[in-house]
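Participant: One letter stands for each residue in the lines below.
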Amino acid sequence: MSAEYTCLVVEDSPMMRQLLVFALSRVKNLRVTEADDGVDGLRKLAGNNYDIILTDINMPIMDGLKLVKRVRTDPVHKDTPIVVITTEGSDEDRQRAIALGANAYITKPIQAPQVIAKVKELLKITT
Amino acid sequence: MMDKKAKGRRSDRPPVDLAAQLKLQRDSFVSTFFKKGAEFTEELVAENDRLRGAMADLERENASLRTQLASDEAIRDLLRKIEELEREKQALLSHVHEAEAYSTQFTSRHAQVEEELANLANLHVASYHLHSTMRLPLVVRHLRELLQQLVGARAYAIYVADDARGELVAIAAEGRDVVQLTAIPYGAGETHDDAQAAVERAFVTGIAHVEEGPIHDDRVSPAACLPMTIDDRAVGVIAIYALLPQKGAFVAVDFELFKMLGRHAGSALVGAELFAAADGRIPGVGVFQGLSTSNFPKSAPAA
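Line order of the protein sequences matches chains A and B. Heads up: the first sequence begins at 0 in numbering that gives the first Met the number 0, then just goes up one per residue. Heads up: the second sequence begins at 0 in numbering that gives the first Met the number 0, then just goes up one per residue.
Note that these hints are calculated values from the structure, not bench results. Here a beta-carbon is modelled for each residue, glycine too, at the ideal position from N, C-alpha and C. Watch out, some of these pointers could steer you wrong.
[As the list claims (entries may be wrong)] Taking CB as the label site, the calculated pair distances span:
#1 B:F287 - A:N48: 45 to 55 Å
#2 A:R42 - B:D161: 41 to 51 Å
#3 B:V286 - A:Q113: 22 to 32 Å
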């Protein structure tokens, strides 16, 4: 029996969220949970164990970088891979996200195969 | 008479010394005969031994030659086997190469299918959200998200036609101050700058203009002008001036998105506006009752 992975997608745009969920549906045995913003993301993280987190940066209430910072102080998720997805494409933004603890950085507009490849790489899924 | 006869007759008997001599000769002959016989026998035995030895040598040589022959046959068998194995190896290698080529082809095809699927998902998600609401602000928000997040537009404007004034008016913009985007008169032959002329041309002709190849930031005229139509009548234009830095050019799926926007964005905006003007009232059922399949416009006959 193959293992099941869990993923939390934190994105305020319903359109982008739907696209990410579609892309992630192409990864076998990956169960996806959606959150509207950083606070909703933290709420969903509490009491649940996720194998990977994908988050947007620019979001209302709590942005993605603050979420990354908070997740890294959470003993349960301090080592959980985080992929930051954003429209910002500069190296500075990338460095900032990585410095805060993000594992990877994908810029919009997203390419589904790129998202799939990155998630598989971080979850060490070979098929 | 008898004595006379006896006297006249010569005796046939050899003298005694002659007999001895003959006996001696006979003995000598017999002795020589046996001696020669013994010698001859010895020679025969020796010859026989020699021949036996030669025969043994020949048998050994023969055996050796047979062994060598058998060995040569074994080598020939091995060579034949090697040739067969070589042929099998070549056949297997050929199969492996075929399988590899098939696998590469399959992988490439799989990637193409995945890409097509992702593109279709983009189109589905975009049109789904565009028509998911009749609230004008939400339609505009979805249109903006679509342009920013799916197309990767950094600067753009959405113009809607004001038929009463004969102008295209910017209702939303990003990367440009919407207030400073002056209305663009259309169809009156007024002179415009390059950017406005491109927008007006797309509106009047109903033909989209999309720049192929790299899009540079310093360009003045829009990289894409997309007329929004309802039943082939243009109701507005989407103008894209600049793309996000990480996106240097429009890609295949953008062209599909533009086609979808051309057909759907106008009806979504106008529908939402009409819905708002009607205070969100749904038309009475009477509006629909007069419709039946017989009233639908007939499709053109096949050529």
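Participant: Find the hints from earlier in the document that the structure breaks and name them by number, from lowest to highest.
Facilitator: 3
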